Amino acid sequence: MVVPLNRQELMDLAKNVTGKLLLRQEIPLSAFHFTQAVEQKFIRAVPSFTKKHFTLQCNRCGNNEKRLMAQYPCSICNKTHSYCRKCIAMGRVSECTMLYEWSGPVPEWKIHADPCTWKGTLTEAQQKAADRIASAVVNKEKELLSWAVCGAGKTEMLFPAITIALKQGKRICLATPRADVVRELQPRIQQAFSDVTVQALYGGSKDKKGTAQLILATTHQLLRFKQAFDVMIIDEIDAFPFHAEPSLSFAAERAIKLDSTTIYLTATPRKQQLKRIRNNLLPHIFVPRRFHSYPLPVPQMKQVSQLKSQLKKKELPPSFLKWLLIRKHPQRQILVFVPTVSLADHLSVPLTDLLISYDIITSKQQASTVHASDGDREEKVQSFRDRDLFMLLTTTILERGVTFPSVDVIILDAGHHVFDQAAIVQIAGRAGRSTDDPFGDVLLFHDGKTEAMVEAVESIRKMNKRGGFA
Amino acid sequence: MHCLWCDEEIIPSVNWGNLLLPSRPASLCEKCESELEQIEGDRCRKCSRKTAEVVCRDCQWWESQKRNVLAGNYSVYTYNAFMREIIAKWKYRGDYILRNVFAEVFTEGYYQAFGKKKDAIIIPIPLSENRLKERGFNQAEALAAFLPNQSKSLLARIDSEKQSKKSRKQRITRKNPFTLKETLNKPAILVDDIYTTGTTIRHAAELLKQNGCPEVYSYTLIRG
Ligand SMILES: [Zn+2]
Ligand SMILES: [Zn+2]
Ligand SMILES: [Zn+2]
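Chains as they are written, first to last, in the working numbering: chain A, 1 to 470; chain B, 1 to 224.
Some hints could be false.
Examples of chain B residues toward chain A, derived with CB under 8 Å [stated by the list, open to error]:
no.: 1; residue: His2
no.: 2; residue: Cys6
no.: 3; residue: Tyr92
no.: 4; residue: Gly94
no.: 5; residue: Asp95
no.: 6; residue: Ile97
no.: 7; residue: Val105
no.: 8; residue: Arg131
no.: 9; residue: Gly136
no.: 10; residue: Asn138
Worth flagging that the hints you see were computed from the coordinates, not collected in a lab. Keep in mind the model is a prediction, meaning the values are calculated, not measured. Virtual Cβ for every residue (Gly too), placed ideally from N, Cα, C.
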């Protein structure tokens, strides 16, 4: 005999399914209990596609591009079905599958009396922004952009808003495009709200349930949510892949409740956001000062003729060699950016040899190279942080989301198109991150100034000016 | 056209050779295509494994057994890391269209190995009912559909779950997981995506031969 779900099981199910849009296999119920839940109207089926004119739109990821829809002959129905290729990694959405959402009694989230266990203090600039963000949450403003320069301490600025939301029994999501940022944030957020259940969702995360009141997630994981959150915070909205991937903003928009507040965080807003700010369509708060109250390092451009062919021949520019010898702060570690994985591999040995011959490092073990598909990526970043590595050669994967206390930053072939304005501002923002060493050299080696370089330098100067530095 | 794997746009190259006869649009970009590895050079005459021996050790062992039921297997690709990824997305995620990646090579390989067997019947290795329900299609049938000869679904597969409910002894004796729907008195070519140990395919071959089929071969996409 099969026993119907009891009250506790039903409540667990509600927490599990509410605010989501799921495939049948993502709902942990037996065939019997599932049918029962549908009959009792606790779970509702939603069609997986919307037909618009002659195109299909996937209701999970919003994809309506023809080339990312395909067909298969279904052996169950003996018909040919369309399916969505775009979101297939999360299970296939096809014409013969439905999506399911919770339609039973809405579970309530805990009202926390005093959830914040963070003992630090905010600087004046941080406090001002934090108050503005918190008031947006309290007043249920639809959107607010927090534009804080690299190193302003943007995460701490969120604590008052998260606190007040938890006090009101709201559900909160902090989403970011990159999984390594989620991993870095998790212990910090958990520490700041030590009695609140925090779950982190990303591609390889163990916990995939997404049942907590406070969720950290990659923007990709939002594809499973629907009308779930009262407060949505999207970190690094200008970062890849969020800014270039329409399905992610589609997902973020669907994941919020009707009466919710969305906070965007960025250090380098893109043209589309700047335009909305200028036209008063997007309220924003600007944080022009780093937490230690020193200005942002301004990059210096170094023109080198024939740079690309020199690098190809494994020759490093003379002006770079000269800089190495006369650096004012030789104790600073060196972070070198190159545009491609192949150039990183190509320059790894010659650069290491050079540093040894200049007595800047004593062994090969003090230099390393890292890129996106490097399995030891996290360990290498950690040993650079621990100063076991003195020089790290990297692609743009380290342009943001990582903090090292005392580095000089180099870009070789800064004119390459991967170094757009935002990337250069972010890379420059790796320097001077600690109170002990608030400065750092930022050098752009190039063989022809690009608009991106000029605009990046200009915008850094402008931000410093707005921060009260002449 | 965009690459079916990495979605990079494929710009067809035009040269004097294909100016008048445009080639079929490629389904993979050059970079992805180059990561697939076709079996070339010396291979085992019986199972297509890459080896310098005429008949590999495994096949020598099979030949020493009384149940030497499979006349031979032919495969076209090796099972490298990239192929594993494609198979996982195609078969387990259910991205059916990835089948197109194999169309040309799989068809050509067939003509090379079995072109002369004009009266042979193609038999796709079936999935169990539960598996089929999960995936919505059978990858072996999807491959068989590329081939010129008549294809018949003569086999059925007993659910492995149902099988595991049977006694331990029965499982150890490895009961044949297939049943035959209809006998066949023509040569048969079993089709599947991958030949690993050859055990599954030999179960199917044995059943066919016991019921009067004169000769059984197998044609598989990958030699694992
Ligand atoms: Zn989709
Ligand atoms: Zn490709
Ligand atoms: Zn062999």
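When the hints from earlier in the document are held up against this structure, which numbers fail?
-> 2, 3, 7 and 8
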